[in-house]
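Novice: Sequence:
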Amino acid sequence: MSQTIVNLKKQQNEQINNLKHELQEKDQAITVLTNDIQQLKIEIRQHDKQGNEQKEKEKGKDIPAFKYNRNCEDMLSSIQSSNLKNIVDFLLVTENNKTIELKNNECNNYNFGIFLLGENITLTLNCNIDRETQGKTWTSKNQNKSFVD
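In my numbering, the protein residues as written are 46 to 194.
Quick caveat, the hints were computed from the structure, so don't treat them as lab data. Keep in mind that a hint or two might mislead.
Unchecked claim - No farther apart than 20 Å at their CA atoms in a straight line, the calculated lysine to aspartate or glutamate pairs in the EDC-like style are these:
1. K100 - D134
2. K86 - E67
3. K102 - D134
4. K100 - D81
5. K65 - D81
6. K55 - E67
7. K100 - D119
8. K143 - D119
9. K130 - D119
10. K130 - E88
11. K102 - D81
12. K71 - E59
13. K130 - E140
14. K55 - D72
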């Protein structure tokens, strides 16, 4: 009977040691995950800082910096990632089958451009007869065309 008690104690000690080992492994995994989380937080802060710096650079750009050689995605990204407002700093129309009438000199107020993204969008200009209105358009086929009214 004393041998049975000794065997039971050995088994119990082995189980305790196994549980201690499993607990150590889990503690190590938690430590690694905690370090990974801290590193990710640092990277997120750095990314946010770089994003804020980029936004500040975009704010500081002059209007001539928005050249016609940029693609539509770049131009749209520039205006959406800044503090510019639709119908104030630029005109963005995304509805199909729409007619937009610009009043006299209104097109000059959109310093960052007019973006017509859709099908069958018509832009009309209501200008004084003695004034000439000229603008430039950019199409999805990357062809620049000018219009004169």
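Novice: Confirm or reject each hint.
Specialist: Hint-by-hint comparison with the structure:
| no. | hint | in the structure |
| --- | --- | --- |
| 1 | K100 - D134 | holds, 16 Å |
| 2 | K86 - E67 | violated, 29 Å |
| 3 | K102 - D134 | holds, 17 Å |
| 4 | K100 - D81 | violated, 28 Å |
| 5 | K65 - D81 | violated, 24 Å |
| 6 | K55 - E67 | holds, 18 Å |
| 7 | K100 - D119 | holds, 14 Å |
| 8 | K143 - D119 | violated, 24 Å |
| 9 | K130 - D119 | holds, 17 Å |
| 10 | K130 - E88 | violated, 30 Å |
| 11 | K102 - D81 | violated, 31 Å |
| 12 | K71 - E59 | holds, 18 Å |
| 13 | K130 - E140 | holds, 18 Å |
| 14 | K55 - D72 | violated, 25 Å |
In this structure, the hints that do not hold are numbers 2, 4, 5, 8, 10, 11 and 14, in rising order.
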